[in-house]
Amino acid sequence: MWCGFTSTNFIDPYLLHDTMNGERYLGFLQNFMWSTISKWDNTDELIFMHDGAPSHYTRTVLNCLDSNFPSKWIDRRGPTSWSPKSPDLTPCDFFLWGP
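For the record, in the sequence shown the residue sitting at position 57 is 57 according to the working numbering, with numbers rising by one throughout.
FYI, nobody ran anything at the bench for these hints, they're computed from the structure. Quick reminder that beta carbons are idealized off the backbone N, C-alpha and C, glycines included. Check the hints yourself; a few may be wrong.
To be verified - Have a look at the derived ranges for each label pair, beta carbon to beta carbon:
| id | residue 1 | residue 2 | range |
| --- | --- | --- | --- |
| 1 | Asp41 | Met20 | 26 to 34 Å |
| 2 | Ser7 | Trp34 | 14 to 22 Å |
| 3 | His17 | Pro79 | 25 to 33 Å |
Whole structure, please, built from the sequences with the hints as guidance.
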């Protein structure tokens with residue numbers, strides 16, 4: 001399951017029925033996530049962050065993020081480093097998904 005949120009918006013949960021890989025994650029970004037957030041105001045202020053799942057690090061996914069969030073995405077190989085143990089950057093790990 002995937003979901004997203006900002007300080008003012010929530011992206012409905014997206015159920016993934018197959019094992020996630022780079023191709024499926026890219027399809028999700030292009031066909032679900034972009035179409036959802038493109039309807040919001042102030043998308044130029046968004047910063048995208050995802051976790052360390054292997055499917056997030058294929059060349060096509062990284063290129064897609066560079067195109068849609070130029071210099072405004074966070075992860076271990078992105079323009080802004082991801083701090084995996086920081087409670088302020090991974091709030092779902094502490095209140096939604098549980099320890």
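Verdict for Asp41, Met20 (Cβ pair) under range 26 to 34 Å | holds, 30 Å
Taking 25 to 33 Å as the hint, is the beta-carbon distance of His17 and Pro79 inside that range?
-> Taking Cβ atoms as reference, His17 and Pro79 lie about 32 Å apart, which means the hint holds.
Would you say the C-beta atoms of Ser7 and Trp34 sit inside 14 to 22 Å of each other?
-> At roughly 20 Å between Cβ atoms, Trp34 and Ser7 fall inside 14 to 22 Å, so the hint holds.
Violated hints are absent here; each numbered hint is respected by the structure.
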